[in-house]
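> Each chain is listed here by its residues.
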Amino acid sequence: MSTEVITSLEEVEEGSSLWTDALARLKKNKAALGGLGFVIFVAIIALITPWIAPFPYEVQNLDLGAVPPNASNWLGTDVFGRDLLTRIMWGGRVSLMVGVIATAVSLVIGVLWGSIAGYFGGRLDSIMMRIVDTLYPFPFMVLVILLSVIFGRHIYLMYLAIGAVEWLTMARVIRGQVLTVRKQEFIEACFSQGLSTWRIISRHVIPNVLGPVIVYTTLTIPSVMILEAFLSFLGLGVQPPMCSWGSLIGDGAKYMEEYSWLLIFPGIVFSSTLFSLNFLGDGLRDALDPKASKD
Amino acid sequence: MALISVKDLKTYFHTRNGVVRAVDGISFDVEAGKTLGIVGESGSGKSVSQYSLLGLIPMPPGKIESGTAMFDGQDLLKLSGEKLRKIRGKRISMIFQDPMTCLNPYMKIGDQLIEPLLTHFDISHEDAMKKAAQALKNVGIHETEKRLNSYPHQFSGGMRQRVMIAMALITEPELLIADEPTTALDVTVQAQVLDLIKKLQQEINTAVIFITHDLGVIAGVADEVAVMYGGKIVERGSTDDIFYNSQHPYTKALMASIPATHAHGERLYTIEGLPPNLTKAIPGCSFAPRCGECEDYCKTTKPELEVMESPSHESACLKYQKEHRA
Amino acid sequence: MLKFVLKRLLQAIPVLLILMTLTFVFMRAVPGGPFDSEKQAPEEVIAALNARYNFDKPMHVQYYFFMRDLVTGDFINWPSFKYSNQTVLSMIAPQLPRTVELAIYSMIYALLIGITAGVIAALKKNTYLDYGPMSLAMVGVCVPSVLMGPLLALVFGVWLEVLPVAGWDSWAHKILPTITLGSAIAAYVARLSRGGMLEVLNQDYIRTARAKGVPENKVILRHSLKGGLLPVVNYTAPAMAGLLGGSFVTETIFRVPGIGRFYVESVFNRDYTVIAGITVLFAFFYIGSNLIADVVTVLMNPRLKFGAKT
Numbered sequence: 021m022s023t024e025v026i027t028s029l030e031e032v033e034e035g036s037s038l039w040t041d042a043l044a045r046l047k048k049n050k051a052a053l054g055g056l057g058f059v060i061f062v063a064i065i066a067l068i069t070p071w072i073a074p075f076p077y078e079v080q081n082l083d084l085g086a087v088p089p090n091a092s093n094w095l096g097t098d099v100f101g102r103d104l105l106t107r108i109m110w111g112g113r114v115s116l117m118v119g120v121i122a123t124a125v126s127l128v129i130g131v132l133w134g135s136i137a138g139y140f141g142g143r144l145d146s147i148m149m150r151i152v153d154t155l156y157p158f159p160f161m162v163l164v165i166l167l168s169v170i171f172g173r174h175i176y177l178m179y180l181a182i183g184a185v186e187w188l189t190m191a192r193v194i195r196g197q198v199l200t201v202r203k204q205e206f207i208e209a210c211f212s213q214g215l216s217t218w219r220i221i222s223r224h225v226i227p228n229v230l231g232p233v234i235v236y237t238t239l240t241i242p243s244v245m246i247l248e249a250f251l252s253f254l255g256l257g258v259q260p261p262m263c264s265w266g267s268l269i270g271d272g273a274k275y276m277e278e279y280s281w282l283l284i285f286p287g288i289v290f291s292s293t294l295f296s297l298n299f300l301g302d303g304l305r306d307a308l309d310p311k312a313s314k315d
Numbered sequence: 008m009a010l011i012s013v014k015d016l017k018t019y020f021h022t023r024n025g026v027v028r029a030v031d032g033i034s035f036d037v038e039a040g041k042t043l044g045i046v047g048e049s050g051s052g053k054s055v056s057q058y059s060l061l062g063l064i065p066m067p068p069g070k071i072e073s074g075t076a077m078f079d080g081q082d083l084l085k086l087s088g089e090k091l092r093k094i095r096g097k098r099i100s101m102i103f104q105d106p107m108t109c110l111n112p113y114m115k116i117g118d119q120l121i122e123p124l125l126t127h128f129d130i131s132h133e134d135a136m137k138k139a140a141q142a143l144k145n146v147g148i149h150e151t152e153k154r155l156n157s158y159p160h161q162f163s164g165g166m167r168q169r170v171m172i173a174m175a176l177i178t179e180p181e182l183l184i185a186d187e188p189t190t191a192l193d194v195t196v197q198a199q200v201l202d203l204i205k206k207l208q209q210e211i212n213t214a215v216i217f218i219t220h221d222l223g224v225i226a227g228v229a230d231e232v233a234v235m236y237g238g239k240i241v242e243r244g245s246t247d248d249i250f251y252n253s254q255h256p257y258t259k260a261l262m263a264s265i266p267a268t269h270a271h272g273e274r275l276y277t278i279e280g281l282p283p284n285l286t287k288a289i290p291g292c293s294f295a296p297r298c299g300e301c302e303d304y305c306k307t308t309k310p311e312l313e314v315m316e317s318p319s320h321e322s323a324c325l326k327y328q329k330e331h332r333a
Numbered sequence: 003m004l005k006f007v008l009k010r011l012l013q014a015i016p017v018l019l020i021l022m023t024l025t026f027v028f029m030r031a032v033p034g035g036p037f038d039s040e041k042q043a044p045e046e047v048i049a050a051l052n053a054r055y056n057f058d059k060p061m062h063v064q065y066y067f068f069m070r071d072l073v074t075g076d077f078i079n080w081p082s083f084k085y086s087n088q089t090v091l092s093m094i095a096p097q098l099p100r101t102v103e104l105a106i107y108s109m110i111y112a113l114l115i116g117i118t119a120g121v122i123a124a125l126k127k128n129t130y131l132d133y134g135p136m137s138l139a140m141v142g143v144c145v146p147s148v149l150m151g152p153l154l155a156l157v158f159g160v161w162l163e164v165l166p167v168a169g170w171d172s173w174a175h176k177i178l179p180t181i182t183l184g185s186a187i188a189a190y191v192a193r194l195s196r197g198g199m200l201e202v203l204n205q206d207y208i209r210t211a212r213a214k215g216v217p218e219n220k221v222i223l224r225h226s227l228k229g230g231l232l233p234v235v236n237y238t239a240p241a242m243a244g245l246l247g248g249s250f251v252t253e254t255i256f257r258v259p260g261i262g263r264f265y266v267e268s269v270f271n272r273d274y275t276v277i278a279g280i281t282v283l284f285a286f287f288y289i290g291s292n293l294i295a296d297v298v299t300v301l302m303n304p305r306l307k308f309g310a311k312t
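Protein chains in written order, with the numbering used here: chain A, 21 to 315; chain B, 8 to 333; chain C, 3 to 312.
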C-alpha cells in the first residue's frame, strides 16, 4: 500500500537546507551582491596598495600645493602637494584594518563570553550577563579619549578600545541565540538520543548561531569604521603623515571652501564602502532568517 | 430562508511558487440559529473559506476569484471595504484559535471588550462598560470590576477564550464564526467553552459556523456538518448522516483515526500519504492517492457533490455515487 | 516599581565608581609630571602648584580627596589646570545648556522624522513610500556625521550660502548641527519603527481588531503603535550615547560652543581637572539616561509592569 502511495504521488519536493536556501535568497538580492562586489574590490585595492599606489603618501611637494583633479593626479592633491588618490588608498588600508581587527577582537571575546553564558545557563549566566549589563552604559567615546591621552595616539589602542566596547553587544546577541537554540526541542531530542555535549554544540548549536553572528559581524565593521573616523577627525586617531579615511575627511573639511575635492573624494569612497557593507549585512540578514519574508 | 448562503466560493493565493487553490469552489448555507460544523485537516481550506467572507484575507497575494455569499440580500464578497467593516464585529463576529495571541497585550480587557460597541453603536463609554461587565458575567467571569481593568497576560488560557467569546457576542451578532476555538485549550476547559457557546447561542439565537479538525467536538455541537479536503467540500449532511452513514472514504478514515474508536492494544489507524499540493491542478479526485477504496475512474474524473439517501446528505465520492445510483 | 528603580541605581554605582577611578588613574598616569610643560617655572611655583592640587601627598590620600570631591559634587569647584582663575564649574556652566539644547533638538528631529518615516514605510510596505524613506534612512547610517556635517556646510554654507555654519546664535545656526547630529539616530529610529510595526501588524490580535470591525486608522493608531514603537523606546538609551559621542564631532564641525567641543579642546590642552570633571558629568548623564529609558520601557509594557503570571 505504501509503495503505491509514494509512486502515485506526482513528485517529491526536494528538501533544502538552511544554507542553500540562504545562498539562493542572497543571490537574488542585487544590492547585497553589489555591496559584496564593492567590498571585495576595495579590500583587494587596500591589500595591494603598497605596490600600485601612484605616488608615495607622505612626500610633500609644497611648490605644487593643492590642485584639482588632473591628468597626473587623478583626484588632485592636498595642501602639501600629496596625491589624494594615493592617500585615499593608504587611508583605506588603515580604516579597513581597524574595522576588521577591532571587529575580530570583539567577535572572539563576545562569542566566547556569550556562548558560555548561554550554554551553561544558571548562575554562571547570571553573573556573566550581570557584568555585561554593568559595563554596557560605559560612555565609550569618553573612555577612548581618556585612553588616547594617557597612551598617546596609537592606532593599536583604538583596536583595543573599540573591541573592548563592541564585544558587549556581541556577547548579548550570541547569548540570546544560544539560549534560544538550546531551549528548542530538537536539542532535547539530541540529549535523549545520547549525543555527546561536543557533538551537540558543533553539529547543532553552532550552525544555528552562526547566522546572526555573520550578520552582526558584517554590520559591526562599518560601525567600527565610523568610530575610527570620529576619532581621527578629532585628531585623536591616526597621526600624520599616516592617514585614514576619517583623517582625510577631517583635513578635507578644514579646506573645503577652496579645495572641495579634498572632502568630496574621500567622502564618496568612505560612504560607498559603508553602503556596501550595510547592504551586504542586510542582505545576509534577510537571507539567513527563514521567517523573514518580503511578501 | 438561509441566513447566509455561499455559492461556489473560490479563493486563490498568487505566490512566487505558483497559485495555491486554497478554496476551490465550495457552497454552503446556514440557517438562523443553527450550527454548521466544518471539518478538515490543516490546509483543507476551512479557515480560509470563512476569512474570505469577512474580507480578512490579505489581498495580495490572496484573491477571491469567484463566488457569492448572500447575507441579508447583500453579497459579502462584493461589498466595499467600508460596508463590510460595518457588518464585521456587529452582525457577523469571529473568534479565533489561540487566545494567548488574539488579545492585545497592551490594552486593558475592558477597553477591548467595549470596542465593538463603541465602533458600531452610538453608545456612551459608561453604558458600554456596563454591558461589558454583563458580558463577562454571561461567560462566567465574575469580579468584573477587577477583570475589566486587567491585562490579558493576567488571565489563563480558558478565561481569555471566554473573553474572546464575550467580545464576539457583545453586539448580539446574527452569525458567529468560530475558528478552532478549543484546539489550544485543555480538554476540561474545552468542554466548558463548548457548553458556553451552546448556551449563548440559544440565548441570542445566533447561527454558528464551527471550524475544527476534531470530529469529537463536531459531534457535540453541530446540526450540520461539511467535510473539507483539498479546498473542496467532499461530504455534507446532518450530524447523524455523517456519523452513522458516512458516504465518503475520507470521512470514514477520519472517524477511524479517532483513538477512542479502537480497542485497547489495537494498532492505531492513520491515513497514509500527504495532503495534496494545492498549486498543482489535480485531475480526478484529490483524495485518490490516499484512498483505500480508490477505483481507476477516480483518478481521471473530477467528482461533484451528489445527493445520497437522505435529501440533506451529499457526497463527492464517485464510487459511492455509483453505488447509490445502482 | 520602586524596587526596580532602586535595583537599577545599585547596578549603576559600580559603573560610576569604575569610571571615576579610571579618571583618577588617567590623571596620574600621564607620562612625566603634570607640569612637564612648565619646566621653566621656578621651584616655588611648582611646589605651590603641587600643594594646590595635592600632588605632594601619598597616592591613597589623593585618591580619597578625589573620590570625596566627586561624590559630594564638590569637583565642580576644582580649579582649571590651564586657566587658574576659573573652576570647572565656571568653565562649563555657560556651555552645558547649549549642548543640552542641541541634544534635545536632535532627539526631537530624530524621533519625529524617524517614527513618521518608519510607520509609513511599514504601512505601505514594498511600495515607493517604503523604499524611499528606507533609502534615506540608509543614507543616514552610511553618511556619518563626520562626513554629513562638512558636506551640509559645504552645500548650504559655502555654495548656496543660505545657512550659517559656525556658532550658535540665531535659530538658523541651529539647523545644520541638529540635522547632522540627529540623522544617524533618525535612521535607526526609522528602521526600528518599521520593523516593530511590521511585526505587530502581523500579530493575531490585529486580526482580532479587524474582525471586530474597527476602522483601519484606529487599528493602526490604537492597537499597533504602542507595541510597534517599543523597539524605539528600547533604543533611546543607546541613542543618547550616540548623541553624546556625536556632539564632540558635530560641535567641532560647526564651532558650537558647547561642552562636547570644549571637552575635546581640554584634551588637547591637557586641562586635567576639567577633563576629569566633565568625564564624571558625562558618566552621571549616561547612567541617568539609561535608567530613565529602562523605566519608560517597563512602563510601556504592561507585562513587565504587573509581572507576568502566565
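A few of these clues could be false.
In silico lysine-lysine, DSSO-like type, Cα no more than 30 Å apart, as pairs [to be verified]: (1) K97/B to K228/C; (2) K326/B to K309/B; (3) K90/B to K127/C; (4) K93/B to K126/C.
Chain B side only, calculated, beta carbon under 8 Å to chain C, not exhaustive [stated by the list, open to error]: (5) K97; (6) Y158; (7) Y304.
No lab work stands behind these hints, which were simulated from the structure alone.
Since this is a predicted model, take the numbers as computed values, not measurements.
Glycine included, C-beta positions come from ideal geometry on N, C-alpha and C.
> Evaluate each hint against the coordinates.
Each hint, compared with the structure:
no.: 1; hint: K97/B to K228/C; in the structure: 26 Å, holds
no.: 2; hint: K326/B to K309/B; in the structure: 12 Å, holds
no.: 3; hint: K90/B to K127/C; in the structure: 25 Å, holds
no.: 4; hint: K93/B to K126/C; in the structure: 24 Å, holds
no.: 5; hint: K97; in the structure: 6 Å, holds
no.: 6; hint: Y158; in the structure: 4 Å, holds
no.: 7; hint: Y304; in the structure: 42 Å, violated
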